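Colleague: One-letter residues, chain by chain:
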Amino acid sequence: MWLGALPTVLVGLFSIWAVHRLTKGREREKSVFEAYKLLGEHLSAAKDAAIGGWGAAKNSAERARAIAETKWRLQQVGAAANRVSILSASYTWRLAFPPRRARKIDLTQEMVALRRGITIDPFEDPTRNADKSKAADVERAVGEFLTRLDLAFSDWLQ
Amino acid sequence: MSNVLFSIARDFSPNPGPRYIRQGANSGEALRRKLLPILNGASEKVVIDLDGTKGIGSSFLDEAFGGLVRSEGKSKDDLLRKLEFRSSVDPSYIDEIFDSISKARPETAH
Numbered sequence: 001m002w003l004g005a006l007p008t009v010l011v012g013l014f015s016i017w018a019v020h021r022l023t024k025g026r027e028r029e030k031s032v033f034e035a036y037k038l039l040g041e042h043l044s045a046a047k048d049a050a051i052g053g054w055g056a057a058k059n060s061a062e063r064a065r066a067i068a069e070t071k072w073r074l075q076q077v078g079a080a081a082n083r084v085s086i087l088s089a090s091y092t093w094r095l096a097f098p099p100r101r102a103r104k105i106d107l108t109q110e111m112v113a114l115r116r117g118i119t120i121d122p123f124e125d126p127t128r129n130a131d132k133s134k135a136a137d138v139e140r141a142v143g144e145f146l147t148r149l150d151l152a153f154s155d156w157l158q
Numbered sequence: 001m002s003n004v005l006f007s008i009a010r011d012f013s014p015n016p017g018p019r020y021i022r023q024g025a026n027s028g029e030a031l032r033r034k035l036l037p038i039l040n041g042a043s044e045k046v047v048i049d050l051d052g053t054k055g056i057g058s059s060f061l062d063e064a065f066g067g068l069v070r071s072e073g074k075s076k077d078d079l080l081r082k083l084e085f086r087s088s089v090d091p092s093y094i095d096e097i098f099d100s101i102s103k104a105r106p107e108t109a110h
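As you go down the protein sequences, you meet chains D and S in turn. The first sequence runs 1 to 158 under my numbering. The second sequence runs 1 to 110 under my numbering.
Okay, chain D solo, but in the shape it has when bound (with noise of 0.2 Å):
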């Protein structure tokens, strides 16, 4: 009698398991999610402070403010980054080699090529005159940087 009712058993348990498994692959998406949408922000206000300091006067309190504050917002925007990472990677088996495959989303060297581009020379030369043309470099930077971070987003989710 009880053998008879294992199926019913291992169909209710599979069920739990792949209820279980979705609810979680879920939740993890929305966190994903979450921190795409917070390094997103942190990138906005970063963009915004790196115009100000290229643009800001020679020898100005502005530029000093705009210059900490870029370098600061690009390491909140590296963090975030690095978090979409952590909340991102999950680990499939396979039969070859290496068995185990890392799925992640990996910004590390966009983020590299976002410092770079915003931050690079004359940017913390006080010698330096304003230059608000350099706005269109932080841009075009930016612009890559989230080009490539909809794609790594949008390769995650399929």
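Rather than coming from a laboratory, the hints here were simulated on the basis of the structure. From a predicted model like this one, the values you see are computed outputs, not experimental measurements. There may be inaccurate statements among the hints.
Taking lysine-lysine pairs in the DSBU-like style, the calculated list, with each CA pair at most 30 Å apart, reads [what the hints assert, rightly or not]:
1. S:K34 / S:K45
2. S:K34 / S:K54
3. D:K132 / S:K54
4. S:K45 / S:K103
5. D:K134 / S:K54
6. S:K45 / S:K82
7. D:K58 / S:K34
8. D:K104 / D:K30
9. S:K103 / S:K82
10. D:K37 / D:K24
11. D:K134 / D:K58
12. S:K34 / S:K82
13. S:K54 / D:K58
14. D:K24 / D:K104
15. S:K54 / D:K104
16. D:K132 / D:K58
17. S:K103 / S:K76
18. S:K103 / D:K104
19. D:K37 / S:K54
20. S:K54 / S:K103
21. S:K103 / D:K134
22. S:K76 / S:K54
23. D:K134 / D:K37
24. S:K82 / S:K54
Here are some chain S residues pointing at chain D (derived, C-beta under 8 Å) [what the hints assert, rightly or not]:
25. G24
26. P91
27. E96
28. D99
Glycine is no exception: its CB is placed at the ideal position from the N, C-alpha and C atoms.
Position chain S relative to chain D; hints supplied.
Modeller: Leaving out everything else, chain S in the frame of chain D:
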């Protein structure tokens, strides 16, 4: 034998500055000069902790670490063997440093 730990925020400054000493306080050049005797004197690994600062610019990182090859004549292999970097906040700093070291060329004396 234990590693030598050097925290940029604690042992140098929580506000890393520009590239050169002439450009302002807490420059990458100043950090390089502070690190040099530590690197020369340590027989074990020197672990650089990058966390705890208020943000680090690219030119600072390049001058502090790429400058060890360019201006101090350190070999890349020696540096990569002897230096270890840590950052749980923004690991991209580490990639940027390795990139600066690998692209640096020793400056020739004139």
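Colleague: Indicate, hint by hint, whether the structure satisfies it.
Modeller: Hints and how they fare:
Taken as a hint, the K34 of chain S and K45 of chain S pair is honoured in the structure, with Cα atoms around 16 Å apart against an allowance of 30 Å. This hinted pair checks out: K34 of chain S and K54 of chain S have alpha carbons roughly 20 Å apart, not beyond 30 Å. Proposed proximity of K132 of chain D and K54 of chain S is supported: the alpha carbons are some 25 Å apart, at most 30 Å. With a CA separation close to 22 Å, the supplied pair K45 of chain S and K103 of chain S stays within the 30 Å bound.
At most 30 Å may separate the alpha-carbon atoms for a hinted pair to count; K134 of chain D and K54 of chain S meet this at roughly 23 Å. Between K45 of chain S and K82 of chain S the alpha-carbon distance is near 5 Å, which keeps this suggested pair within the 30 Å criterion. Our distance criterion of 30 Å between C-alpha atoms is met by K58 of chain D and K34 of chain S, whose separation comes to about 29 Å. With a C-alpha separation of about 15 Å, the suggested pair K104 of chain D and K30 of chain D falls inside the 30 Å cut-off, and the hint holds.
Straight-line distance between C-alpha atoms of K103 of chain S and K82 of chain S comes to about 18 Å, which keeps the hinted pair within the 30 Å bound. For the given pair, K37 of chain D sits about 20 Å from K24 of chain D by alpha-carbon distance, which is consistent with the 30 Å threshold. With a C-alpha separation of about 15 Å, the suggested pairing of K134 of chain D with K58 of chain D holds against the 30 Å cut-off. Distance hint between K34 of chain S and K82 of chain S is fulfilled; the C-alpha atoms sit about 16 Å from each other, no more than 30 Å.
This hinted pair checks out: K54 of chain S and K58 of chain D have alpha carbons roughly 22 Å apart, not beyond 30 Å. Taking the CA atoms of K24 of chain D and K104 of chain D, the gap is near 16 Å; set against the 30 Å cutoff, the hint holds. Proposed proximity of K54 of chain S and K104 of chain D is supported: the alpha carbons are some 27 Å apart, at most 30 Å. Distance restraint check for K132 of chain D and K58 of chain D: the Cα-Cα separation of roughly 12 Å lies within the 30 Å cut-off, and the hinted pair is therefore satisfied.
Our distance criterion of 30 Å between C-alpha atoms is met by K103 of chain S and K76 of chain S, whose separation comes to about 10 Å. Among the hinted pairs, K103 of chain S with K104 of chain D is consistent with the structure: their alpha-carbon atoms are about 28 Å apart, no more than 30 Å. Distance check on the hinted pair: K37 of chain D and K54 of chain S sit about 22 Å apart at the alpha-carbon level, within 30 Å; holds. Between K54 of chain S and K103 of chain S the alpha-carbon distance is near 26 Å, which keeps this suggested pair within the 30 Å criterion.
For the proposed pair K103 of chain S and K134 of chain D, the alpha carbon gap of about 25 Å is at most 30 Å, so the pair holds. Under the criterion of a C-alpha separation no larger than 30 Å, the hint pairing K76 of chain S with K54 of chain S is consistent with the structure, at around 28 Å. A hinted pair counts as satisfied when its Cα atoms are at most 30 Å apart, and K134 of chain D with K37 of chain D qualifies at roughly 26 Å. Taking the CA atoms of K82 of chain S and K54 of chain S, the gap is near 26 Å; set against the 30 Å cutoff, the hint holds.
Contact between G24 of chain S and chain D, as hinted, is supported at the beta carbon level, the nearest pair being about 6 Å apart and thus within 8 Å. This hint holds: P91 of chain S has a C-beta 6 Å from the nearest C-beta of chain D, less than the 8 Å allowed. Contact between E96 of chain S and chain D, as hinted, is supported at the beta carbon level, the nearest pair being about 5 Å apart and thus within 8 Å. Because the closest C-beta pair between D99 of chain S and chain D is about 7 Å apart, less than 8 Å, the hint holds.
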